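Protein chains: 2
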Amino acid sequence: MANTLYLGIVGVGGVGTALLEQLGRLSNPPKLVLLSRSTKTLVAQTPSYSHSIPFEAWEIAAAAPSITTVDALAPEDTAAYLGSAPGRSILVDNTSDLTLAKAYPIFLKQGISVVTPNKKGFSADISLWNDIFASAADGNALVYHQATVGGSLPVLSTLRDLMATGDEIVKIEGVLSGTLSLLFDTFMPAIGKSDAKWSSLVAHALQIGFMEPDPRDDLNGMDFARKLTILARVAGLQVTGPESFPVTSLIPNELLSLPLSAEGIAQFMLELPNYDEDMEVAKLKAEEEGKVLRYIGSIDVSTGEIQVGMRHLDRDNPIANLKGSQIVSIYTKRYGANPLVLKGGGGGGEVTAMCVMSDLLKVMEGLA
Amino acid sequence: MANTLYLGIVGVGGVGTALLEQLGRLSNPPKLVLLSRSTKTLVAQTPSYSHSIPFEAWEIAAAAPSITTVDALAPEDTAAYLGSAPGRSILVDNTSDLTLAKAYPIFLKQGISVVTPNKKGFSADISLWNDIFASAADGNALVYHQATVGGSLPVLSTLRDLMATGDEIVKIEGVLSGTLSLLFDTFMPAIGKSDAKWSSLVAHALQIGFMEPDPRDDLNGMDFARKLTILARVAGLQVTGPESFPVTSLIPNELLSLPLSAEGIAQFMLELPNYDEDMEVAKLKAEEEGKVLRYIGSIDVSTGEIQVGMRHLDRDNPIANLKGSQIVSIYTKRYGANPLVLKGGGGGGEVTAMCVMSDLLKVMEGLA
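Chains as they are written, first to last, in the UniProt record's numbering: chain A, 1 to 368; chain B, 1 to 368.
Simulated from the structure, these hints should not be mistaken for laboratory data.
Accuracy of the hints is not assured; some may be wrong.
Note that identical chains are pooled: a pair holds if it fits in a single copy or bridges any two copies.
[Claimed, not checked] No farther apart than 35 Å at their CA atoms in a straight line, the calculated lysine-lysine pairs in the DSBU-like style are these:
| id | residue 1 | residue 2 |
| --- | --- | --- |
| 1 | Lys323 | Lys193 |
| 2 | Lys193 | Lys333 |
| 3 | Lys40 | Lys197 |
| 4 | Lys171 | Lys193 |
| 5 | Lys285 | Lys109 |
Here the structure is a predicted model, which is why all the values come from computation and not from measurement.
This is chain A alone, in the form it adopts within the complex (with noise of 0.2 Å):
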């Protein structure tokens, strides 16, 4: 077990940055041998990798005995210089990027193994996703993305310990955008009432910081989309991608050609409210059957349906009640009638990063 792990952490936003936090307090950490940001790549002295790179600010981290600051790589160079450290490796990409992602298979058939909270790669075309399985597989490498799902609820690992003891999985339900849930449980809530206006909810989201910087990124549904492409693409279906089935999007039709820019994102805003009404009718239908109206993901594994949308649900239904959390249901053949059930709070950098370390640990405990 004393074998030394060398790894490779590309990205040092507010996920990197906690979880060199985190890293600095493990007893037995592996030798950190690159750690990258946009512009910029330090790296140990080669053959040997024999010097590591502390877990501290950038600053530090460059200052340290041979450690060299160079350009930043291309994932072929990553992936070329982490595959001849003298022992195993491990890549976490830090960042949302998709062409590293598209990389993962070159580092996997080298035997570099990849965490990552990173979902464009395993939510983009399915060739990409069997390719990185294939080459862990080929290579004996390990591919761990907790996070990219469920924030750091334990999605995907209860998920595979399910099937990987022979269980049947049904259906899986749930709310996977903690800022859809906040906005939908105050527009309507479970107990009591609320007049507020949706586009007013959704005013008040971005200034308090719990939207993307352009909210149409977060009511498209595209990254809701996402995770739930990664969650049937774990239960067995082969999902061509996000595209592939139904997303109410929540940007009105006529608002679908404003510009990305942040012109684009005030224009938005501005016309928003012109919308409120189309929301109210909706609000009031949910009403009129006694239930709440709520933004949720489903998977029907059986006939391999998968849709994301609005949909009206029991006022007493767990999934009516979040606050912002999120909540994924498992229906299994094992558990029958009573799902496997799991809530909690969404991301965040720490929240993320503690994912990400409690990924990095089992490939550490998978390679030691």
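Let chain A serve as the given structure and place chain B on it in line with the hints.
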């Protein structure tokens, strides 16, 4: 990764039988070289251990080539046998036997990993707990006992993940008895009303096999307290044992002296209706507050305070509407006010076996 792993299974009841079936479906199972039930043990021929016991019913397994049937082995002999296998070995204990559990340190010191749903050892004296984990470290062996808490919910692994990544556990609350969950949920539903008497609900649950053969084993709260002890210990508290904190027994004081015999059970069920009034009063008190009565356990990690008993909960508290599920809410520093919640159906042989199997797969990965 091609090292052969040697497996010994003790206990071939509901869980053991389901586990054998699940093992039979693995593409790369460990080599079963010991299978033991109360009075008989099957072993593979030493010193080669080259034949394995098939994953089949006892009679078929016993008739396999080079498999010998011997009398029940003492734990020390089982450990000696597994310890002499020409590779790493694993003990799966499917019993609820304290004697075998007390011998875990003997196995672990010899490098034999332990996987078990048996609560007895982990909730007994704290010195055994400490001995188990110290022995595992000594012998470089693994101990997995996920199924001892929360049925098949990934409670312990999630808790350990949180702690391994440096989160601080603040508080844990939950319902760790599917039986008591169902009794209280039908006695005082979160939605709607019930006029059913407490004693008649107990009688019904007993009749449909949803309780232990002696219902007092559920009603005294000790099984719940044992699970809470394990949970608290994993959270880092050195809990002396399940008798070291307040546990409200649902057995009326006057009936405590009834014998443990079948006659005692019959007498207990006959007299229980005389105490329905007490439960009605408890129910009324909750109702006056607009709340519901539930039987829950809680661990305050900072003060070390642990308790199991009846509490008044808001009707919209997720714990209030379980319908026989178990639930655990984990409050941590990172999660803040929004706890991580795990909820799902209780145990049952096949589900418990799945949980054991999932642990076993992790041990196999760890030893490979």
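Handout entry: Those earlier numbered hints the structure runs against, lowest number first
Key = 3 and 5
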